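From first to last, the protein sequence lines are chains A and B. For the first sequence, position 26 matches number 26 in UniProt numbering, and the numbering has no gaps at all. For the second sequence, position 419 matches number 419 in UniProt numbering, and the numbering has no gaps at all.
Worth flagging that the hints you see were computed from the coordinates, not collected in a lab. Since this is a predicted model, take the numbers as computed values, not measurements. Among these hints, one or two may not hold up.
As the list claims (entries may be wrong) - Derived pair list, reagent style DSBU-like, types lysine-lysine, alpha-carbon separation capped at 35 angstroms:
#1 B:K394 with A:K102
#2 B:K52 with B:K88
#3 A:K189 with A:K206
#4 B:K175 with B:K92
#5 B:K403 with A:K159
#6 B:K444 with B:K388
#7 A:K206 with B:K432
#8 A:K210 with B:K394
#9 B:K394 with A:K136
#10 B:K394 with B:K444
#11 B:K400 with A:K210
#12 A:K60 with A:K89
#13 A:K159 with B:K391
#14 A:K136 with A:K102
#15 B:K394 with B:K432
#16 A:K27 with B:K518
#17 B:K432 with A:K159
Unchecked claim - With beta-carbon atoms standing in for the labels, derived distance ranges:
#18 B:K394 with A:F133: 24 to 32 angstroms
#19 A:R212 with B:Q368: 46 to 54 angstroms
#20 B:K496 with A:I38: 49 to 57 angstroms
#21 B:T417 with A:T132: 29 to 37 angstroms
#22 B:K394 with A:T132: 24 to 32 angstroms
#23 B:R370 with A:T193: 55 to 63 angstroms
#24 A:V214 with B:E502: 41 to 49 angstroms
#25 A:Q101 with B:K416: 23 to 31 angstroms
#26 B:K394 with A:K156: 18 to 26 angstroms
#27 A:K139 with B:L437: 48 to 56 angstroms
Unchecked claim - Facing chain B, according to a computed beta carbon distance under 8 angstroms, are these residues of chain A, among others:
#28 D118
#29 M125
#30 S167
#31 K169
Built from N, CA and C at the ideal position, the CB exists for glycine as well.
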Amino acid sequence: MQSDGGATSMEVEKLASEVKHASLAPKPRFPPLKAHEISDGQVQFRKINVPQHRYTPLKKAWMEIYSPIMEQMGIDIRMNPKARKVELKTRPDTPDASNLQKCADFVSAFMMGFEPKDAIALLRMDELYVDTFEIKDVKTLRGEHLSRAIGRLSGKGGKTRIAIENSTKTRIVIADTKIHILGSFSNIKIARTSLCSLILGSPAGKVYSKLRSVTARLAERF
Amino acid sequence: MAATTDSGGVAALHRLKSTDPPLYLSPSPDLSHSARLACQHIFASLRPFTPKSPFDRLLADGFDSEQIWQQIDLQSQPLISTLRCEVKFFEKHPEEISKLFLKVSVGKKEGKDGKSEELEGLELDGEKDEGFDELEDGDEGLEGSDDVDDEEEERENEEESDGGGVDGVEDRFLKIRELEEYLEDDEAREYGIKKKEKGDGKVAKESIKEDDDDEDEEDGEDDDGDEEGEEDDDELGVLGLVDGDDEEGGDARYEDFFGGKKKTGSQQKKTRHDSSAGDKQSGDMDFDDKKKENRSTHEKQLEKQRLKIEEMEKANMEVKTWTMQGEVTAAKRPKNSALEVDLDFEHNVRPAPVITEEVTASLEELIQKRILEGRFDDVFRAPTLPNKAPKERKELDENKSNKGLAEVYADEYAQKTGLVSSALTFSDEQKKEASVLFKKLCLKLDALSHFHFTPKPVIEDMTIQANVPALAMEEIAPLAVSDAAMLAPEEVFAGKGDVKEEAELTQAERKRRRANKKRKYKDEYHACDRSFDESSGLNQ
Numbered sequence: 001m002q003s004d005g006g007a008t009s010m011e012v013e014k015l016a017s018e019v020k021h022a023s024l025a026p027k028p029r030f031p032p033l034k035a036h037e038i039s040d041g042q043v044q045f046r047k048i049n050v051p052q053h054r055y056t057p058l059k060k061a062w063m064e065i066y067s068p069i070m071e072q073m074g075i076d077i078r079m080n081p082k083a084r085k086v087e088l089k090t091r092p093d094t095p096d097a098s099n100l101q102k103c104a105d106f107v108s109a110f111m112m113g114f115e116p117k118d119a120i121a122l123l124r125m126d127e128l129y130v131d132t133f134e135i136k137d138v139k140t141l142r143g144e145h146l147s148r149a150i151g152r153l154s155g156k157g158g159k160t161r162i163a164i165e166n167s168t169k170t171r172i173v174i175a176d177t178k179i180h181i182l183g184s185f186s187n188i189k190i191a192r193t194s195l196c197s198l199i200l201g202s203p204a205g206k207v208y209s210k211l212r213s214v215t216a217r218l219a220e221r222f
Numbered sequence: 001m002a003a004t005t006d007s008g009g010v011a012a013l014h015r016l017k018s019t020d021p022p023l024y025l026s027p028s029p030d031l032s033h034s035a036r037l038a039c040q041h042i043f044a045s046l047r048p049f050t051p052k053s054p055f056d057r058l059l060a061d062g063f064d065s066e067q068i069w070q071q072i073d074l075q076s077q078p079l080i081s082t083l084r085c086e087v088k089f090f091e092k093h094p095e096e097i098s099k100l101f102l103k104v105s106v107g108k109k110e111g112k113d114g115k116s117e118e119l120e121g122l123e124l125d126g127e128k129d130e131g132f133d134e135l136e137d138g139d140e141g142l143e144g145s146d147d148v149d150d151e152e153e154e155r156e157n158e159e160e161s162d163g164g165g166v167d168g169v170e171d172r173f174l175k176i177r178e179l180e181e182y183l184e185d186d187e188a189r190e191y192g193i194k195k196k197e198k199g200d201g202k203v204a205k206e207s208i209k210e211d212d213d214d215e216d217e218e219d220g221e222d223d224d225g226d227e228e229g230e231e232d233d234d235e236l237g238v239l240g241l242v243d244g245d246d247e248e249g250g251d252a253r254y255e256d257f258f259g260g261k262k263k264t265g266s267q268q269k270k271t272r273h274d275s276s277a278g279d280k281q282s283g284d285m286d287f288d289d290k291k292k293e294n295r296s297t298h299e300k301q302l303e304k305q306r307l308k309i310e311e312m313e314k315a316n317m318e319v320k321t322w323t324m325q326g327e328v329t330a331a332k333r334p335k336n337s338a339l340e341v342d343l344d345f346e347h348n349v350r351p352a353p354v355i356t357e358e359v360t361a362s363l364e365e366l367i368q369k370r371i372l373e374g375r376f377d378d379v380f381r382a383p384t385l386p387n388k389a390p391k392e393r394k395e396l397d398e399n400k401s402n403k404g405l406a407e408v409y410a411d412e413y414a415q416k417t418g419l420v421s422s423a424l425t426f427s428d429e430q431k432k433e434a435s436v437l438f439k440k441l442c443l444k445l446d447a448l449s450h451f452h453f454t455p456k457p458v459i460e461d462m463t464i465q466a467n468v469p470a471l472a473m474e475e476i477a478p479l480a481v482s483d484a485a486m487l488a489p490e491e492v493f494a495g496k497g498d499v500k501e502e503a504e505l506t507q508a509e510r511k512r513r514r515a516n517k518k519r520k521y522k523d524e525y526h527a528c529d530r531s532f533d534e535s536s537g538l539n540q
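With the sequences and hints as input, model every part of the structure.
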């Protein structure tokens, strides 16, 4: 950093000397800042907690997570088993400042329950988000009603959830009473609507038909 | 004149009487002539009693027997009815007869009139009979009447005869008294009855009885409606019954000739008619029984008929049985009576089939045959014809997709930008494959028919056609169907005015185009700027 500063000051001096001599100095050229320089040469960290149920899957899928982050994103990643956290750190040669955040989102998506190959879309695309909501946000259900609602959401063998995923190009994770949706903004909206209608009690067939019409309309737009 | 004619007529009567019966069988003009005279005489004698008769005298010359008879009938009918009434009246009121006699005695002339009236009334009986027999009967009737007259004379003849007709009967020509005397003489001559010696009713009775017996013979042949016999019977009843009074010898009686006493036919008729006025006296019953044995078949038939008629009439008068009445409710008929009667009503229900062994066997046979054939008459739903193209339905995939989300989005992006072409109309791989195969087949078939292509029936396709560059579409287009029809011309290019290529443009037009383009760009640029300024809230 100092060298940079030195370089710039040098350039300024040069320019100043030049100004003395010539009428107009050339326009300054500022190369883009590196991620390192933005934060003024300080290293930035992200720490993501690993829940109990994701510890073993993390161990299994560690390489899938590790390789794209380290190689393509240029972010240091390490697992802290004592604290049970995944730590991310910027490197000096990190290409983009937002990479750290993307990686953090990727890892947290994995912690939520998404698969690495689904979560990796977060790294690749900008406009993907993860939306979370609870069943009780939609409707207060207790006891068996709650269980039934959860059953309705996932369907037999998960077919309802998968059908929604496929038709809206999202990924859905139903974790007990929490529901996570990964996808683009509009798709999330559609998926969320279908899930809410399922929670509220409409049968799966009805939800399917609505889905069909909506997605068909969506597809026709292109 | 009257006397002469009268005597002529009487003489004719006598003549007729004297002739032997067999002579009547052969027609002779003498007999005919005398018969006519006799009829005329009798007619004339009765004429005073029939004021309403249209004939003054009997027209017999040159007339048919039927015509003569009709004339007589015309005269006698009203007389008979009046006489019947009078006789009935006398039946009811026997004292009237005595009065009649008294009247007669008071005024001989009048009495005679009364007698004569009776006489004439009785004479009428004779005229009722048909043919020449009537004359004989008439004689008998006359004789009968004579006897009656005798009786009346014996009793006190004081009574004045009833009816004004008696007054009108006698006139210059007809003297009843003379007639009576003559008749008495004649009778005496005929029968040798000592009328004066036995001036009691017995004689009269006997003679009457004889008359009745004679009449009986004839009545046996005659019809029922013989009123003469009836009148005689009434007479008998009035005067008193004739018991088996054995009189002095020398009187010829019926029994001597014909055996046991029989009930007269007239009495029989009397019982038959069962007149309400008449009293049925016990003696009649004996007559009834004896009469029944000697009835003819005709009479028996008639008796049967009569009984039947009585029965039927009695039944008609009674209340009908409930089956014959119109609408009968349960209250109006006896209990359970409808069960005994065979009621006829429409059964709207087909009677249940009787299941017999043959029926079951036939059914089973049919079932087995059908099973072997495999011919079950299943009902199939009639296929509905599609009136429009089946809407493309994107099937919801319920299988977990193998692709990761990133790949999905990558594919979507690629499709959007058109780097990768993909099928637009088919959603499924299998469908695609099937359609390709089918099109190959169609090509071959078309080749067979030398490419005489018949277009498919147009089905209105309401699906939206993607406005995709033709290059991409043409790649998958099959041979038979061109994709040029997929997009309407408007969809291909929506513009107006004269469209010219760049090469065709003149300088001025080129300049115009450029100016228009610049203007559009400027508008957009400035509009963008404006919106930015507004949003930022800067006022510059």
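Hint by hint, here is what the structure shows:
1. B:K394 with A:K102: holds, 34 angstroms
2. B:K52 with B:K88: Roughly 23 angstroms between the alpha carbons, so the hint for B:K52 and B:K88 holds.
3. A:K189 with A:K206: Judged against 35 angstroms, a Cα distance of about 18 angstroms means the pair holds.
4. B:K175 with B:K92: holds, 30 angstroms
5. B:K403 with A:K159: Roughly 17 angstroms between the alpha carbons, so the hint for B:K403 and A:K159 holds.
6. B:K444 with B:K388: holds, 28 angstroms
7. A:K206 with B:K432: holds, 29 angstroms
8. A:K210 with B:K394: Roughly 12 angstroms between the alpha carbons, so the hint for A:K210 and B:K394 holds.
9. B:K394 with A:K136: holds, 32 angstroms
10. B:K394 with B:K444: Given pair B:K394, B:K444 holds - Cα atoms ~31 angstroms apart, limit 35 angstroms.
11. B:K400 with A:K210: holds, 20 angstroms
12. A:K60 with A:K89: holds, 22 angstroms
13. A:K159 with B:K391: Distance of about 24 angstroms is within 35 angstroms: holds.
14. A:K136 with A:K102: Satisfied, since the Cα-Cα distance of roughly 29 angstroms is no more than 35 angstroms.
15. B:K394 with B:K432: Holds. B:K394 to B:K432 sits at ~14 angstroms (cutoff 35 angstroms).
16. A:K27 with B:K518: At roughly 31 angstroms apart (the allowed maximum being 35 angstroms), B:K518 and A:K27 satisfy the hint.
17. B:K432 with A:K159: holds, 25 angstroms
18. B:K394 with A:F133: 24 to 32 angstroms: holds, 27 angstroms
19. A:R212 with B:Q368: 46 to 54 angstroms: holds, 51 angstroms
20. B:K496 with A:I38: 49 to 57 angstroms: holds, 55 angstroms
21. B:T417 with A:T132: 29 to 37 angstroms: At roughly 32 angstroms between Cβ atoms, A:T132 and B:T417 fall inside 29 to 37 angstroms, so the hint holds.
22. B:K394 with A:T132: 24 to 32 angstroms: Holds, since B:K394 and A:T132 (Cβ atoms, about 28 angstroms apart) stay within the stated range.
23. B:R370 with A:T193: 55 to 63 angstroms: With Cβ atoms ~56 angstroms apart, the hint holds.
24. A:V214 with B:E502: 41 to 49 angstroms: holds, 44 angstroms
25. A:Q101 with B:K416: 23 to 31 angstroms: The hint (23 to 31 angstroms, Cβ to Cβ) holds, given that A:Q101 and B:K416 are roughly 26 angstroms apart.
26. B:K394 with A:K156: 18 to 26 angstroms: With Cβ atoms ~21 angstroms apart, the hint holds.
27. A:K139 with B:L437: 48 to 56 angstroms: holds, 51 angstroms
28. D118: holds, 4 angstroms
29. M125: Since the shortest Cβ distance to chain B is 6 angstroms, the answer is holds.
30. S167: holds, 6 angstroms
31. K169: At 5 angstroms from the nearest chain B Cβ, A:K169 passes the 8 angstroms test, so the hint holds.
Violation of the numbered hints given earlier is absent; every hint is satisfied by the structure.
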